[in-house]
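Since each chain sits alone in its own frame, please combine them into the complex, following the hints.
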Amino acid sequence: MERIILHSDMNSFYANVECLYHPEIRDLPVAVGGNPEKRHGIILAKNQKAKEAGVKTGEVLWQARGKCPDLVIRAPNYQLYLRFSRLARKIYNRYSDQVEPFGLDEAWLDVTNSARIHGNGLVIAEKISRDIQEELGITVSIGVSWNKIFAKFGSDYKKPNAITVITRDNYPQIVWQQEVGDLLYVGPATKKKLLKYGIVTIGQLAETSVDFLVLQFGKMGAVLWRFANGLDDSSVKSFDEHYNGNERILKSIGNSITTPRDLKDLKDVKFIIYMLTESVAMRLRETGCYCLTVAIHVRNKELHSFTRQQKLAKPSDLTREIAEAAIALFENNYDFSSDIRSMGVRVTDLVPDSTPIQLDLFGNEELRVRQARLDETVDELRKRFGNLALRRAVTIGDQMSGLDPKKDHIIHPIGYF
Amino acid sequence: MAIKKFVQVIAKFEEDGRIIPLQVLWEDGRVFEIDRVLDMRPGVSLKVGGQGIRYTCRIQNKEVCLYYEEPKWFVEGKEKA
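One line per chain: the protein sequences are A and D, in this order.
Going by the working numbering, the first residue of the first sequence is number 1, and it counts up by one from there.
Going by the working numbering, the first residue of the second sequence is number 1, and it counts up by one from there.
The following block holds chain D by itself, in its conformation from the complex (with noise of 0.2 Å):
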């Protein structure tokens, strides 16, 4: 079942109050690179269970929706809880 996964995230602040996630800090160190943001709406993960603002990212090719929650960022985890 896929888990709630909260994660460190760099983002740069805009002047018209915008949020835009540039890097994700994994927990063991790597660091995922957010090539671009291809959507931003607010949005539901019905996966994990959380609402907040979607970001659906293009990390290293693939398509990966990152929410945040306030205050916290989240992801839709694959592993086991």
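Just chain A, same shape as in the assembly (with noise of 0.2 Å):
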């Protein structure tokens, strides 16, 4: 049978809940936007005001007040939003159980099943973007078509409050017609490489031949080439609430920080990935697993970035050999040209921490095996007292000493893969 998909996307999610519960503003152009304090001084999401007057998502704060002077910015309120992405998702899973989220203000719900109960794909997605409207005040983009990436598409294709049906009738008109760069996984990167070989509509894309793109892009040109030909076949994932949203296989834990202030030498910078890996490393261990890879990611105040990955000698989940990984990667990679704006630690290559690690003659196992048991009795302390109460010497006395990595962490937009 053939599968119904729904992608639904709440228009500017962000502003417009920051508009629902703030009448005054709902007539004016609104941004909800970072606190230029903690030099998150960017655009978040905005209202439809805020956009006709040319403002984007990612730009400054001031830069937005110069095209809209007038632009009323809000600090972002994250557990209201929260809430109503939960709420929202109680509302799909009226109509199925699997739905699939991504980021807070988008999900994927098979329905396939249930149409027999509840309608056609349509009928379906006029009874969301209702029942939306009525019990959380906002609107919704839905896009329904027989794989996730043209119900992605759809979604996108008219907005906001409007619903997108691609068919296998009507695919060729509505989707080949787009710009390539409006297909999911083309970004600016991938858009530029295509055109130069004359490819900008998503038509032509699914036209190349797929041994062409294979030879340009690698496998990526096999996925882009079968999502323009609307053969993509992978299935909605279901989603429990009460587990957190990873019970999908983890394939990394990272966590990263835009630093209150510039990183300016390697204290700082170790400062920062000791502090960082605290958290990863935990997350890693309350997980259940031992990593083979360890990844850095750096921001220079340029907003030029890069990431480098190095292997472990062995799997491992202990603070100190990941910091250490990090450590040294980041010395054998940069060399203070630019200070620091932002960094990252993640580590991937996931295995279950019952891996069997071979030995070797010359190093030291023991001192591992007491490493282990301090990072267990650590996490013990830290799960009681919480994850300040005890900090490493190096994150002490300094104005960023107060950043808590594990708690502050917000889930973001799980990739697709």
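Since the hints were derived computationally from the structure, they do not count as laboratory data.
Please note: incorrect hints may appear among the correct ones.
Only pairs whose alpha carbons sit at most 25 Å apart, straight line, appear in this in silico SDA-like list of lysine to any residue [claimed, not checked]:
#, chain 1, residue 1, chain 2, residue 2
1, A, Lys90, D, Ile59
2, A, Lys127, D, Met40
3, D, Lys72, A, Pro76
4, A, Lys51, D, Lys47
5, D, Lys4, A, Ala75
6, D, Lys4, A, Leu28
7, A, Lys127, D, Tyr68
8, D, Lys72, A, Pro23
9, A, Lys270, A, Arg368
10, D, Lys4, A, Leu20
Source: prediction; values computed, not measured.
Right, dumping it as structure tokens:
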């Protein structure tokens, strides 16, 4: 049976929730922006009026104010958005148990099996749209199709408050006419590369030989070709709301931070790496995994960024080993030509912590076992007395020492793969 | 302009988890009996800005919307802010 997949996208989510709670600003251009003092001063979301004035997500607050002097900028209220996200998910669950969230404001639903109860894809989309508008006071755009990629495309096609049905009959007219950049996973870099080969529309991408694409883009070439032809058959993963969103197979664990001040020397960087690793390693241990690879992400003042990764000699969940690997990576790859604005530490290639470890003659395994016990004790103490109860000496005595990446951790959209 | 007026409420908790408001206690000491709950469903107040369980109640022959926006209750107040 042909699948019926919906992709629902809450329009200008943060901004519209703010407008709902503040009737006095509802008719003004509104944006939700970060806190400039903590150097998170960018636009996170904007409402329709602000969009019309040319305000773009991701731009700096003063830039946005330049385009739109009467812009109302509100600080984000994540707790509120999380609540709305959960309420929306409850509404989706009325129509299907297969709901896969994509960030706070988007979700895929597989309604193939509920079509007999609730009506066809379009009817279900209309019901969801109505329920959300009545119960949450915000509008959604919904795409209906037989695969996740075209459903997502449909929800972006017409906004706000719209439903787009993409069928096997109409997709060449709707999807294929559009620019290739509108396809999920065609970002600016890929788009530029495609343009070089004269591929401007999604239709052209679909009609390009898959062998040629693989030659140019590696395995992503085949993926994009399948996406463009509507051949994506990945399933909508169901999501257990009681399980904190990570019941799907974890691929990596990471934390990153834009620091309150620029990092100028190795001492600053070590401090941040230790702080991030404390959180990453603790989360790694909580999930019962070892990692084989450590990666860092560095962004400097000019907003240039790079990532580097390195395999560990042995699978590990030790804070110290991971942090030392991250610091070594950093030292080998950065020369402080410019101060650093944000950093991330990530561990990947995860294996269960029951995996046997190959010992070697010269390594000091006893020390590692002691380290593991120490980490365990630290975790235990932090669980009881809070994440800041016990800290490394390097992380004391700085304006940044109050940061708690583990507690402040927010779940961001997870990659499609 | 209507304002979001948080109020004290006396409510009954049913075995099945439903919460039924019985009385609204106004700040000046008046007590309003809720004669009947006509409707209860999740809803928004566009007038004052809020979202929760909306109870459409009959109080002294008037229909009033009472919202349970966890953990607080509010009504759409008439007075000026």
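Going down the list of hints, with the structure as the test:
Our distance criterion of 25 Å between C-alpha atoms is broken by A:Lys90 and D:Ile59, whose separation comes to about 31 Å. Distance check on the hinted pair: A:Lys127 and D:Met40 sit about 19 Å apart at the alpha-carbon level, within 25 Å; holds. Under the criterion of a C-alpha separation no larger than 25 Å, the hint pairing D:Lys72 with A:Pro76 is consistent with the structure, at around 21 Å. This hinted pair checks out: A:Lys51 and D:Lys47 have alpha carbons roughly 24 Å apart, not beyond 25 Å.
Distance hint between D:Lys4 and A:Ala75 is fulfilled; the C-alpha atoms sit about 21 Å from each other, no more than 25 Å. Only pairs whose Cα atoms come within 25 Å are accepted, and D:Lys4 paired with A:Leu28 is accepted, the gap being roughly 20 Å. Proximity of A:Lys127 to D:Tyr68 is assessed by CA-CA distance (about 24 Å); at most 25 Å being required, the pair is judged to hold. About 19 Å separates the Cα atoms of D:Lys72 and A:Pro23, which keeps this hinted pair within 25 Å; it holds.
A hinted pair counts as satisfied when its Cα atoms are at most 25 Å apart, and A:Lys270 with A:Arg368 qualifies at roughly 21 Å. A C-alpha spacing of about 12 Å is found between D:Lys4 and A:Leu20, which places the hinted pair at or below 25 Å, so the restraint holds.
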